[in-house]
Amino acid sequence: MTPEILSIIMFFSTLTLLLFGFPVAFTLAGSALFFGFLGDYLDIFNFRMLGFFPQRIFGVMINEPLVAVPLFIFMGIMLEKTKIAAGLLQSIGELFGTTKGGLGIGVVIVGMLLAASTGIVGATVVTMGMLSLPTMLKAGYDQKIATGTICAAGTLGQIIPPSIVLVLLADILQGANEEAALIAGDLAPNPITAIDLFAGAMLPGLMLVVMFIIFIYFYAKIYPDSCPPIKTTRSRQEIYIEAFKNVLPPLILILLVLGSILLGVATPTESASVGAAGAAILAFTKGELTFKNLKDVSFSTVRLSSFVFVILIGASMFSLVFRGFKGDELIEHVLTTLPGGQVGALIIVMLAIFFLGFFLDYIEIIFVIVPLVGPVLIANGADPLWLGIMISLNLQTSFLTPPFGFSLFFLRGVAPPEIQTKNIYRGVLPYIGIQVLALIIVGFIPEIATWLPRSIF
Amino acid sequence: MKILKSISSFFDLLNKITGSICAFFAASMVVVVLAVVILRYGFSISFIWMQEAYVWLHAYIFMMGSGYTYLNNEHVRIDVIYRGASIKYKSIVDILGNIFLLLPFIYIIWKFSFPFVARSWSMNEISREVGGLPSLYILKSAILIFCIMLFLQAISNIIKSIINLTSIDKS
Chain A
0 MTPEILSIIM
10 FFSTLTLLLF
20 GFPVAFTLAG
30 SALFFGFLGD
40 YLDIFNFRML
50 GFFPQRIFGV
60 MINEPLVAVP
70 LFIFMGIMLE
80 KTKIAAGLLQ
90 SIGELFGTTK
100 GGLGIGVVIV
110 GMLLAASTGI
120 VGATVVTMGM
130 LSLPTMLKAG
140 YDQKIATGTI
150 CAAGTLGQII
160 PPSIVLVLLA
170 DILQGANEEA
180 ALIAGDLAPN
190 PITAIDLFAG
200 AMLPGLMLVV
210 MFIIFIYFYA
220 KIYPDSCPPI
230 KTTRSRQEIY
240 IEAFKNVLPP
250 LILILLVLGS
260 ILLGVATPTE
270 SASVGAAGAA
280 ILAFTKGELT
290 FKNLKDVSFS
300 TVRLSSFVFV
310 ILIGASMFSL
320 VFRGFKGDEL
330 IEHVLTTLPG
340 GQVGALIIVM
350 LAIFFLGFFL
360 DYIEIIFVIV
370 PLVGPVLIAN
380 GADPLWLGIM
390 ISLNLQTSFL
400 TPPFGFSLFF
410 LRGVAPPEIQ
420 TKNIYRGVLP
430 YIGIQVLALI
440 IVGFIPEIAT
450 WLPRSIF
Chain B
0 MKILKSISSF
10 FDLLNKITGS
20 ICAFFAASMV
30 VVVLAVVILR
40 YGFSISFIWM
50 QEAYVWLHAY
60 IFMMGSGYTY
70 LNNEHVRIDV
80 IYRGASIKYK
90 SIVDILGNIF
100 LLLPFIYIIW
110 KFSFPFVARS
120 WSMNEISREV
130 GGLPSLYILK
140 SAILIFCIML
150 FLQAISNIIK
160 SIINLTSIDK
170 S
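These protein sequence lines are chains A and B, in that order.
In this text, residue positions in the first sequence follow numbering that gives the first Met the number 0: the first is 0, and each later residue adds one.
In this text, residue positions in the second sequence follow numbering that gives the first Met the number 0: the first is 0, and each later residue adds one.
Please note that the accuracy of each hint is not assured.
Only some residues are given here: those of chain A computed to face chain B with a beta carbon under 7 angstroms [claimed, not checked]:
(1) Ala28
(2) Gly29
(3) Leu32
(4) Ser297
(5) Val301
Note that these hints are calculated values from the structure, not bench results.
Where a beta carbon is used, it is the ideal one built from N, C-alpha and C, also for glycine.
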């Protein structure tokens, strides 16, 4: 048996094994070990190669830019637990809700603001599912448009900076970039940082928001009965004053964090600490910074960041063995001999990520798939920055695609029982279409992603 | 069975305690990074050891907290099948997964990391940066702590699954 064949078997049996439901991190690592033993037995892999592994774990432990991840998690959970996110949602709903489709547009805008402050898709979908969904249903919204809009708006956290996904992706892409430089013989590649990806994701993210809003606007024109205006007994003035109190403080925090990163004043880690502390201060002014809340937020931060980084460790065990079997060379060979050259390779990779997204989470795709395909694509001329944005737009759809989209699960978990799962699936379909359209647009016009980072740095 | 049960609860308790320490580290990390930012941008002072301190805290949070995270069942699963499955299915998947996937992984990390960490202790390794933290071996030891905490939780989970299985058979 050749190592390449073993690498293919390893890849697909690990995917199958994952479906049984044992934690992803341990399945990736355990399955890799099994195949490592097998390869060692068949004399096509040296088990001693795993001796490098402690050094790899240590590399993850001392990776300073990744400290931004738990800090952003802390900030997001703090805003959610202390009901600052809920206040935002309520006020914007009231501001926009009095027109046809307005509530839906409000949900998209809150999704954008929460994305810019927390970036945690699960928390956003749950918050909106618990607060906005009942309001929309009471106003007479059709189940499909209501649930679809909430799921889609929730996924904006993935692409709109500061996003945890982009911090992780930047780390992986930088590794891929260095490898690509080795392949292509380029001695000094431009490094890719989280800041570059943040800047690159700004315009595509906003474009997506605008596309969502346009969709709801026209949907409301065509089917006015499915998204009627809400009736409110409160005066405009009351609504404005409350909106001022609820929206302005988090908005300032968002601008502070995002602005300091994009202007290059501070690193993402530094800005994230300001965001985390700022969220705590906002909670304090609302009288919500209790010991219990602080404790809950800290414990959640531990659990969420541990799950992310332990998958990173499991995935690096997987790729260590996979590469030991020369699986990366096999992928390189396939991608470079495809008809259609570089464009063909890109399309294949994008399709593969899209379909893998049906049953893998973004984290597994970033940690397992991107390190394998990234170096080849970049070495053959793909702009790493643009590639990163394309991948994250693509991954965003994995949150929405039935039957295993994360967003759908989270919403199902908090939606009232009269909501049919079928309607959630049908509700997200137009949004998946919009996502794919956005992906194609950025594919044809890379400047949407590359213009901003190139012009501010 | 009773002994098994108390072993499992004891391991759970240990991981709960380490989880609390990690939560304390998480809140401290926010403060330390913020202090670095204030000192740098407010007073143009920076200390390498402070920057290393928050990186160390971060490393300890996810390494030492891994067992606690497992206790709370928050290591993410692809749960299309798992979510709606019977207790019997879940228990069997967990027993087999812990024995054939997780425990070998922990063993291998321990086996390869032990010399790596021991070397650091024996040479009293310090940070490579000037002005960095001493005793780098404390940071490296987090890898072994990771193994220990996950090992305890894996054993506890196996016990719980076995108890679940036997109670199904009885009823």
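Hint by hint, here is what the structure shows:
| no. | hint | in the structure |
| --- | --- | --- |
| 1 | Ala28 | holds, 4 angstroms |
| 2 | Gly29 | holds, 3 angstroms |
| 3 | Leu32 | holds, 5 angstroms |
| 4 | Ser297 | holds, 4 angstroms |
| 5 | Val301 | holds, 4 angstroms |
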